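**Q** Chain by chain, the residues:
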Amino acid sequence: MTPSPASAPLLALDGLRKVFPGGAVAVDDVSLTVGEGETLAVVGESGCGKTTLTRLLLRLLEPTSGTVRFEGRDLTALAPGRLRDVRARMQVVLQDPYSSMNPRMRVVDIVGEPLVTHDPQARGRRNRARTAERVGELLESVGLDAAMRDRYPHEFSGGQRQRISIARAIALHPRLVVLDEPTSALDVSVQARVLDLLAELQQRLGLTYVFVSHNLAVVRQVADRVAVMRGGRLVELGGAAQVFTEPAHPYTRQLLDAVPVPDPRAARRGRTATEAAG
Amino acid sequence: MTDSTTTGATASSAPGAGAAGASRTGVLYSLLRNRLAVCALVFLVLAAAAAVFAPLIVPHDPAHQDLLVRLRPPAWQSGGSAEHLLGTDQLGRDLLARVLYGTRVSLLVGAGAALLAGLVGTVVGLSSGYLGGWLDRVLMRLADVQLAFPAILLALAIVGFLGSGLWYVILVLGFTGWVAYARVVRSEVLSLRTRDFVTEARAIGVTDATIMRRHLLPNVLAPLATIGTLHVATAIVAEASLSYLGLGVPKETVTWGGMLSDGQLYLGTAWWVAVFPGVALMLTSLAINITGDALRDVADPKAYRR
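Line by line, the protein sequences are chains A and B.
Taking this note's numbering, the leading residue of the first sequence gets 1, the next gets one more, and so forth.
Taking this note's numbering, the leading residue of the second sequence gets 1, the next gets one more, and so forth.
Read the hints as simulated data drawn from the structure, not as lab findings.
It is possible that part of the hints are untrue.
Unchecked claim - Label-pair restraints from in silico Cβ distances: (1) A:P80 / B:T194: 19 to 27 Å; (2) B:V38 / A:P80: 49 to 57 Å; (3) A:G22 / B:A148: 26 to 34 Å; (4) A:D150 / B:A75: 55 to 63 Å; (5) B:R137 / A:L60: 18 to 26 Å.
Claimed, not checked - Listed below are several chain A residues computed to face chain B (Cβ distance under 10 Å; list not exhaustive): (6) M90; (7) L94; (8) S165.
Remember, it's a predicted structure, so these values are computed and weren't measured experimentally.
Here a beta-carbon is modelled for each residue, glycine too, at the ideal position from N, C-alpha and C.
Please construct the entire structure, taking both the sequences and the accompanying hints into account.
**A** Take a look at the structure:
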């Protein structure tokens, strides 16, 4: 499974708009595409509509107008049964590793949930052993021990929980994984290892990522392309290298300037670069 | 002392139970550390055993009348005999036998009503809270209507209309008690449904019914158990009230409420006729309440790892 050259985009949003009851416009006229195998980062400050955008593209929220096309099909017009089939190929990892797992379920059931939901072969008592084995493999593929499947979420650290979430997300060999701030609740060192894991899985499984983050340092590390949002609108969209070196929109430049750079020499270089660009 | 009992308890429940057993042991362990709750639990177990094995404990038939020994005082009072440990009532029936047999009706009504109300209330609360929309509005208005009626008054009206009988009492008390469950479950579900694990389940494509069963129900069981326990006590008292008023179960069935209403006439001359069923009623509902409170204290999954 190598990323094929993007003939038709895997995901295409067109004129997507979400107005909540009460009149708040969370997402305003967003159009973008995500090609197979690439990582699109969505950045912006909290409240800019990033999270609403992910809920819309996962079809967990009903858009006020606009369309979401996944694999060429319009999700907003899909019948519930067909939508369920599509959900097997788009998965999500959420920000908070402490609330993203049912505290009363064991890891084997948490990671096995997508399998049980979409694969009749994994359901029922007779198939429990096989599902457990598959969960063990998945845990090992995210760097955890297969024996951990019998434990409860509260027995794990934040980084381990996020690995469990990732194992669940890749259980069905999805094409698209939406990562909603997957590392922002983690320590920097743990964060780096989770990012490495994500990159490795992308390579190995040919995954396409929509990576939502407010942390530009992280985005710089993972993104092929970057979408900058502000107040529900898309203010800039472009290749990562281009957005980081020559931001076109003043807001993007502000965001970039706000990133603390740990190395003073690099900081000086960065500053001259932005000054030269501006 | 605590060390040895702890290891003993863990070891005995560990085999074959794995991690699930460990968490349940936690709840049980915390419950056992509460001395008062242990006393209450022991009392309830004894009461249940007494209800089941009543014929083995007392030789007397609770309905057998012997007018020659009317209103005999308890054994330790002058005039009492070991034959009737708690004395006899106005028809010469053995009070100990009647109190023990009365436990059957009380526990049956209490548990039956609580289970029925819990079932109805949980289904209503889950669907109301999770599905929301017009269903939620309709169900919650229904709950308001239900609450606006005093339950005991409604029970009175229905029993008066349908006629009395053990199963009618259970049905009536069950169907008038669902609101408490529904409201608590609904409010829990309202906060649970915004949690990430529910969002992820939806994103995976898990159906609403499965989400309610797999993700929501297990997380509302703790408050449910608490309300359920307390409701058992309420239902027992309500049944006694109905029986006291003569609207509960038929006269031939032995109930504490019926005994209370018989005994009040003799309070001045033979206090024991009313006092013993009254004490049984009070102790039982007290024990259930204590257990319910203790259950609420330990039911929080994080609280028992202190």
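**Q** Please go over all the hints and tell whether each is borne out by the structure.
**A** Outcome of the hint check:
no.	hint	in the structure
1	A:P80 / B:T194: 19 to 27 Å	22 Å, holds
2	B:V38 / A:P80: 49 to 57 Å	51 Å, holds
3	A:G22 / B:A148: 26 to 34 Å	31 Å, holds
4	A:D150 / B:A75: 55 to 63 Å	58 Å, holds
5	B:R137 / A:L60: 18 to 26 Å	23 Å, holds
6	M90	8 Å, holds
7	L94	4 Å, holds
8	S165	8 Å, holds
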